Every structure is written in structure tokens, then in C-alpha cells.
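Here's the letter readout for the chains.
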Amino acid sequence: MSFLQPLALAGLILALTPLIIHLLNLLRHRSQPWAATRFLFQARKSSSRMSKIKRWLTLLFRILALACLTLMIARPISGGDFFLSLSSRSPEVLVFILDRSASMESVVELTSKSKRQHAIEIFQRFIEPWPESKIVLVESVYEEPFFIHGSDSLKDKSYEHFICSTDTAASLPKTILKTLRWMKESQIGSAEILIASDMQKSNWVKKESADQFIKIDQILTEKNHLWTLKIVPFQSPPPYNLSVRIDNIQKNKENLKPSIILNRKNSKKPSSMVNIETQINGKSQSHSLKINSNLTRWNPELTFEQEIEQGWGSIQLGNDFCNSDNQCFFTYNTKSIATVGVRSSNPNIGIILRSAAQNKEGEQAGLISLQNLQESELRSKKILIQQGTLSLKENVMFEKFIKNGGTMIAFPSEEENSIEFSFLNWQKLESKIEEDSFSVRDWAKENSVLANFVDGSELPLEYLSIQKRRIPNQGEPLAYYQDGKAFLSKFTYGNGLIYAFSTLPLDSWSSLKDGFILVPIIQRIIQESSPISTESNDMICGSEESKQIFEYTSVDLPAQKSPSINAGVYQINGQLTSINRPILENEDETLSFPELNLMLPNSSPIQQLKTQDTFSLKRSEIWTTFLFLTLLFLLGETLLGLPTKLRRKN
Amino acid sequence: MPRRQNSYFSYLDQDALSQISGDYLLSPFPMEGNVSGYHRSPHKGSSVEFAEYREYTPGEDPKRMDWRVFARSDRYYLKEFEAETNLRCHLAIDCSASMSFGTPLNKLEYAKKLGATLAYLYLCQGDAVGLHTLKKKKPVTLPPKRNPAQVQEILEVLGPLQAKGETTLSQSLHEIAESSRMRGLVVIISDFFEDVPLINDAITHLRDRKHDVILFHLLDQQELEFSFDRPTRFIDLEGQGSIITEPTLIREEYLSSLEEHIKSIQEHCLGCEASYFQVQTSQSIRETLDGLKKSRRGGGI
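The listed protein sequences derive, respectively, from chains A and B.
Just so you know, we're using the working numbering here: the first sequence kicks off at 2 and counts up by one.
Just so you know, we're using the working numbering here: the second sequence kicks off at -7 and counts up by one.
Because the hints were derived from the structure by calculation, they are not lab data.
Hints are supplied without guarantee of correctness; some may be wrong.
[Stated by the list, open to error] EDC-like cross-link-like pairs, simulated, lysine to aspartate or glutamate; straight-line CA separation at most 20 angstroms:
hint : chain 1 : residue 1 : chain 2 : residue 2
1    : A       : 394       : A       : 421
2    : A       : 46        : B       : 187
3    : A       : 46        : B       : 251
4    : A       : 429       : A       : 477
5    : A       : 46        : B       : 244
6    : A       : 53        : B       : 221
7    : A       : 46        : B       : 228
8    : A       : 55        : B       : 244
None of the values given here were measured: they were computed from a predicted structure.
So here's chain B without its partners, still in its complex pose:
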């Protein structure tokens, strides 16, 4: 039975795909995969990359013995090569109500596009991609699969997704860290409007589990500039009340607080070797992924 045709394919950014397809997005950390791929593996394998010489232990496969070394030194050494494997990519998309803010696309829509495009790209290079929708009620988890049809699965989950409720970002990240036994890539797409220590703890947890962590910090231009000039009642999207204020009077303090928040996350990411990308919703997906590609092409962070 053919799959149901849907319009969620629009979440795949054609512009970004056309630019980035063909370039591999490589993880700087060794990954544990099931099949061979393009990422370094913590195990020795049969790739062309020389890893090390190791003394032969009886019982081991004599095929990997380096006879030239034996001829020179009269000792048995095994020549080992790096293994290359695929990775397990966990896309974690924040679905809290605060993600419904932003123009021209709100942050959730942007996250959907970014997530869907990334999923497609990783699937194309043979990696397994899974999805975690981070929300309080009925979170959806798609385990990583390298099946190309996984894109369809992911799009079907992303498509109807709505930004609702309070954020459960740090808690959900802890759960991802606990549930993923094999090291993989965790891509977090969120506005990170949670207490910095909680976020940092979650990132540290993921890193402790040897995951490669990428943070896409989505922010709207209005949030960054706060260019209001009239008395305004700001209503919290996550239901934390409202505040009537003269924006010009608190602008300075607001921008300072936001800057401090961003800086704290950035510094923590730098410290624990997680990749941090600040993304404005007005940016194109291609632009965002260009940044990622540049940092990942050489395997750097």
C-alpha cells in the first residue's frame, strides 16, 4: 500500500539541500555505528586509514599480520586500521509554547525545516536519524533508523507538531542521554529559554555519554533587538503571567540579561566541546547549514 501523499515535504529546504548535498557532515568525535559509514569509529577496522601496530597475540587472525615488520624484526606485529562507521543522529526539537514566537517563520516552523533538512542530509550519507519532540504532553520519539523512508516518518511527526505548554528541555535531554546507549549525535533545536544551569547540566550529561552535541539556538530578531517604543503588555507564551512596561526604560537591562544568557550557554558549549550555533528565524536554512557544514567538513567543532 503506497504511503499517504502529504505536503510536509515542503519542510525540506530545497535551496539548502541543493547546496549542501554531496558534502559530508562529519562528526569530530568517534561514533559507534552498526554499519560502515563516513564517521570515525572508536574500533579498529578495515579502512585505508592506518591506526597503529600491535603485538600479535596467538589466536588472532593472521591475515592482519604485517609480514614486512616480521621480516625486519623477526617479531609478529599486527597492522591496525581505523574503522569508519555510521552515526546515530538524535534530532531533539523543543516544542514548548515559546517556540511559537517569531517572524517570518515562528521558531517551531523554523526548527521543523531545519530538523527535516538535517534528517534528510544525514540519511543521505547513510546515518541513522531519530527524532525527539521535547514537550510535556505526549512527546514523540522516533528511534534512529538509516532507512530512507525514515524521512517520511520524521516529516509525518514534525508536520502536525504545535508549540504548546511549558518547556521540558533539560529534562528531555537528560532522558535522551540516558536512553541512548551508543554514542551518537544529538542535535538540539530550541530557544533555550530555561535556566542556564539546567541547560548546561543537560549538555554536560550528553557529553558525558560521549555524544556529539550540536545546539541550534533559535532567536527572533525582535527578541534580539527589543525595539519597542510604546508601553506594552508582554504576555508570556508559556503562561507565566504578563508584564506592562515602558520598553525603552528596560531595554538595556533586557538586552543585557539576554546577552548574558546566550554567553553562558556558549561558554559552556565551548568548555564541553559541544557545537553552538545562534540562529535567527529570519536566516535561511541554507545559511544556517552552511555554518554547520563549515565546522563539520574537517571534523572540527
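Chain A with its partners taken away, still in its complex shape:
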């Protein structure tokens, strides 16, 4: 139970007035000499127990009557179905915030409906007691509040676009904050806000959400007792789920080699057979795969019927308890392989680097002039490999290249005092005698250019022998020397990427020249930067970028789809673009209720509604109950005050 006018509760002190008056009267008694005291003693003796009970009952009734009167003035609101609630004043607005993230498509246990569908049904029941209230729907994709006309209108096709399933992520704090701000601007009085979410942590806790929670807390504190927030949590994970995503794709003349990651959850069997359907440019192929562990990498060879330079594909799993993560899409484009330019002060190094960066047709990477470098030379390149000194002008040009989205693989100068980049520099030269050398001990073996090979074998970094080194000062190390210093580091600069090596492919410096490390790294960087890989030409469904797409054609399915909410392959501005659901949607980690309430420390605790409990959803003003109780207590007090004879007569 909460109150619309909590300040009035201070009046509860007044409820003690009868008791105080009673005590004061006892103190302020008058003295009366009396002859017939023997009858008083008799009277008190015979009636002491009854009269005491009567007196205290009278006092109690008076106190309760005043307390109920005060509570009535404070305008109490029942938290749920209050059995004495005679009236139910409707809230001005009923707001439904629907989490439409992909994970909400998992099926609720023991039903055939998704969490999203279940949430909509709960909301329809939730609004039943208040037919006069206005209904506002806010969903997590567009985050725009709009009024709807009654619960039946949710079944209308015109609203389908706003409540249908999506392949998006959600940012619930942002959505809630946006809704609350809109309500504040719209000067909404009383409101019931119902949030339906699976409480997936990635949708609730983001970098910027701490600030958003603070603002939500402020608004809710300000509107305490007027706006109430309730959550219908669907925290239970699906009983069994298999999800799929593409890690990377390699293309040959005859086939595509996608690297697919299958993630199995809540499986009781150690191994199981999975049917997988793949599509390359609309042509399906079926596969069966035996899965022995929860995380499986699958590298099929998908052959072309007819080689097309630009195409698309999809991976589709069979149905389980969450179908939204059973599909992923990719595109490829052999035309646009990243062009590489090499610039080195030392010609020997230049030759080695150009060879290492040759393309699949065996052509060496282009050479960039050392003298009078022009911007036009850089414009045609996607990747630059740079070693040696450079002028200030060249430094500016390189900086611009990287900021515009280019990738640079940088090697240190042989001389310590030479001019290097303004945004990247190396430490002093460190050397070891021939018998001794620096060695690489540890490196990022997953999801980096130093990742293990597809067959699981590692890059032979530990066999590198390094006599000289200059440690890059910037970037996140991808590989470490024994002493913990960075062998190779990586960092983003503007829209681009920089990889900085600490040694040179020269005999006097290291065995990098041998190529067993240098070539895979450079080739991987080239592959990573080429649009053939799914990441470069992919979009995340529901991202801001995808919401800006207005002209598109669905390629994988002729059905009405939208890049902002549906994963798939689309023709956008003449380019094939694959749009996949966010990977974080596959995660099971949820936000608990205590954690959520901790983020909103000042406002009233958010009420948690059980999905099956429909009655507790009701909320109404119950002042009439207290009016009734006040009258009841006053009547009781009056009856107690009546003389016994009169009562008997009655």
C-alpha cells in the first residue's frame, strides 16, 4: 500500500489525541467530598472489569477512527487486489515498456508462446481494471512512446510492426529514461508503468547505463507515489538452446570456408546430432553435425554452383526453445580485397614486407614512394605497412589516412633518434648478444590476428628469436615477451587501426624475416580489413546505423522485413549487406531484482510481478475503505457510549 499524499500521514500523531485527552482528564480531576462512597466502591468493584474493557475499547475506537481518517486523507493506494477496495480510481496513463530484444523470443517453459507474446498478454490483463486510462506503448527498438486505443488494438496489424519479434538488442535504462522524460514533458499525473523484460544483463547494464539509472532514480523519486514502476521478469533461460554465429569467412575460387561457432546451452546429452541448412546465394545445402561440446567451431566448405563475385549466404539451425538465434547471415565480395602499400626506409625490409603482404593471386603489395609522398597514393590503399623515418608532412598524411578508417602496420626505425609518428613511438633500442635472445611467451590466442589456426594449432611465436627490439609505447599488447613487454600491440586511432611491431624482419634484429610469423599476421590483418569478412560488411540489427536505412530490398526472403528489426541479407545502395542479431543476445546472464533496486536507491523499490499472478496487477485507491472503517469505529464508539439500559431496550 502506498499513498498519494504521504505528508498527510503526519496526521497519524493526531490519532493519539483521545488517549492524551483521557490522560489529561485523569490528571485534571476535581475532588468531591462524598457521603455515599460505599456505593462507589461497590459500583467500581462490580463493574471494574467491564468498564475497563469498555473504556479502553472506546479509546481504541476513537484512536482507530482518527487513524483511519488520516489514512483516508493520505489517499492510500492498494498494491494489489484489496478485498475492501470499493473504488478503483484509474491512473491517468498505463505505460507498457516492452523489451523486444532477440532473447525475448525464447519460449516460456510449459507454453508454446515466446516471452514477448506472454508479456503482451500480461499487459492486456494488467490494463483490464482501468478501462478509462490512456495506454502508452514503448518498445525497445524505436523507443518512441505512442498512444494506443485499448488492449484490443494490440491485435491490430497496424501495431504489428511495434510488437512483433525482432533480432535486435535493447537498452532498457535508455528506453525507460526516454519514457520517463516524455511523461514528465507531457505532465502526466498518475501512471502505472509495466516493464516486461527477460532482464538479460547486456540489455540492462551498459557503459552509459549507470548515468541513466541515476536520472531514472531522480525522476522516480520526484514522482514518488504518482508513478509506479512494475516489472514482469522472464528470467528463466530456455530449457535447451543452440545458437549460431559466424566468426569469419575465407573464400577460394571454388568454395567459401566460413568459420561457424555453435553454442549449446542447457543440454542434458553429452553429444547430439544437429541438422544445419546452409544457403549460398539462395541455393540450399543440408548438413548434419555431431556436437560433442557446448562450444563448437564448424568450418564447412560451401561450394558455389556458379561463382559470383558478390554474394551472400546464411546458416540455419533446426527449431529449439529460442529460434531467433538459430540463423546468421553473411555476404562476400571478392572484388574489394584490401589494397596494401608498403613503405620502408630499408629496401631489404621493404622487399620482405611486400612479399609477406602479397595477395592470393601472388601479386606483391604496392610500394609507396619514400620521397614526395602524395595523398592520392594513400587514398587507393586500405592497409599501409610503414617502417622507418618520416617527415612531419608525411606524419600528417598518415594520421589522416588512419583516422579515415585505414589500417597501418608499423615497424620501428632502426635508429633511435629518427623522426617517428606523432601518435605512435617506440622505446629505446634493447639488444641481446647472439647466444641470448628475447622470446615471446604469451599472446592472444583467440579472436585476434595471433589466434590459433582453424585446426587448433598455435602460431609458432615461441620459436621467434629476437636480438633487438624497440617496445611500442602505445596500444594494447597482443603478444608479450618474457619480461611482460609488448611484442605486438594494437590500438584504434580515429576510425582506423594500428598494429605496432617491436622488432624488424632483419637478420640483425630477429627471425621475423623467416616469415612463419610475419606472413600469417600480415595476411590476417589484410583479411580482417577486407570486405569479404562478415564483419566489415555487416551491420548489427537494431543499431543506429541500421535504423538509418530507409531504402533496402530483402534478399534472403521476399517477406516484408526491415533492417532495423530483422536480421537478414539486404540490398542497400547497390551493396549486399548482411544484418545479424547482436552476439550478446546469446548470453544467459541476467540482472537480479536486488541489483536493479540497488541502482535506484532513492526511489520506491520496483515491484516485481509474477507472470502468473494476474490479480496482484490491480492497483487502486482505497480511501473509501478507510472512510468505511472510520464510520464503523465511530459507530462502535457510540454504541459503547450508550447507557446499558438503552442498549438493552434497543
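Starting from the known structure of chain A, fit chain B onto it as the hints suggest.
The following block gives chain B in isolation, referenced to the frame of chain A:
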């Protein structure tokens, strides 16, 4: 030497006297007096009231022989008449502290007026009147006398009388019953705030001694109505402690107890042929004595 002039004559209620003087207050029971009066006597005497015929016994006075009966029956019969005598009135006035309560007059003052007026009336019709002040310390007893100056004596005793101490009503009545050898009239003026069995025992004792008993039960209107509305500390006038209470809460029980008390005394009086009069201190003496006169005029109770 002339008697000292005092103001105690105000105790004689002029209004009552003017109304009642001339009417005799007769006892319904035969009284034993020394001289002839207006009350029936248990002995045969020379009044005009025929009593009975009785066979003549030699030695008796032949003057009272009924010769007409002798002429008819040739037997000697004596014709006897009722004797009429005066009575001995004992005024018993309760002087316990509880008698100091009441408005406009407290109960003792009222008792003094009632007692003094009654004494005057009985003396006027030739009866002997005595006084008993019922109190623990130094009780005063004036033996009944038919001397008109007895009024003065009585007033002088009543005048300075103050309500003090605990009641000794029943004990004093027992003493009166024991000390009065000749049957007479005992007028008890009291609030009777004593245990009912004790009071009833005393009344029975008096009646057993053939006394005519009249009870004037003095009560104040406040005592009868108990119309207090605020918490009050009631202090017992006879020093039996005090009680703080909410009068409205115990009013019912109080009135019920008082009513039961009065009813018990009344019923006992009815049973033993004693006269009971409940008197409120707000009543005039004339009103009170009117009631007495009405019951006594025909010799009834």
C-alpha cells in the same frame, strides 16, 4: 433566672408548624404513657371508646359494673373502655460525618430542623420527647419529658451539633432499644449509610421492644442522581479513603447499588411495620411532615 436567648429557634420550621399544628400525629401502636393523652394505651381506661365486657371478679370496683347487662342476664359484667395515654418519643439523629453532605442544607442541618419541628409538635400534643445524638464521641441523650421547656433543651443540644466521625447508627439504636423500658416512638433521622443487615437488625430490635419506629432516610439530590461528567476524586467524609473514577462509567452500577440499599431497608420496614420516609434535602420540612401526617392521622403506618 431567665433562660439564655438563642437563635436555635430557627430550627423550628414555621411553615410546617403553621400547617400541621392542630392535627395530631397518632401512633398506630398502643403506647405506654404516664398521663392521659391522644394515643391508644395497652391498658383499659376511662375513655369514651368501648373496649370489651369482662366478668366481674369480687374485689373489683363495682362502679364499672354494667347494671343493664346484670338486669338482662342476672350476671355481673364489667364494661371496659380503652385507655388513652401520651407517648414517649425518642428522636434519634445521626451525627456521623456523612450527614454533613447535601445542598441547600446539609443532611444534619435538615435533620436538626426536622427533629426540632417534630419535637415541638409532639410536645404540643402532650407527648414526652427525648433526644439521642448518634455519634461515636460524647453522644448526648435527653430523656423524654413532656415539659414544654423540653424544646429549649432539645434546641440547645441540636444547635451546636456537628457531623463528625464514623456512623454508630445500628449500635446506638440497639442501645436505645435496650434503654427504653416503656414502649414509645423512635424517630430515626439518618442517611442510613451503614450495612443493611445491621440497620435491619436494629430496626427489628426496636420493633421487638414494641416501639413504633419511624425512619426518615435523608438523601441529597446529587446522591440520587450522581450526575457528574468529569473524572472526579470522591473523598469519603467518614475517612474511608477516596476513589478516582470516571463517573459516567460507574453511574449505572452506583445507582443500582443505592437503589438496592434503599429497597432493602424499605422492604424490611414494611415487613416489621416500621414507617419509612425517603426525604431529599431539597424538600421542605412541611412537605416531609405532610407525608408523616397523612400516614399518622388515621393511626395507620
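Verification of the hints:
The straight-line distance between the Cα atoms of residue 394(A) and residue 421(A) is roughly 12 angstroms, inside the 20 angstroms bound, and the hint therefore holds. About 17 angstroms separates the Cα atoms of residue 46(A) and residue 187(B), which keeps this hinted pair within 20 angstroms; it holds. With a C-alpha separation of about 17 angstroms, the suggested pairing of residue 46(A) with residue 251(B) holds against the 20 angstroms cut-off. Pair hint residue 429(A) plus residue 477(A) holds up; C-alpha atoms about 19 angstroms apart against a cutoff of 20 angstroms.
Simply put, residue 46(A) and residue 244(B) have alpha-carbon atoms about 13 angstroms apart, close enough for the 20 angstroms limit, and the pair holds. In summary, the hint linking residue 53(A) to residue 221(B) is supported, as the alpha carbons are separated by about 17 angstroms, within the 20 angstroms threshold. Between residue 46(A) and residue 228(B), the direct Cα distance comes to roughly 16 angstroms. Compliance with the 20 angstroms bound is thereby established for this hinted pair. Between residue 55(A) and residue 244(B) the alpha-carbon distance is near 14 angstroms, which keeps this suggested pair within the 20 angstroms criterion.
Consistency note: the structure conflicts with none of the earlier hints.
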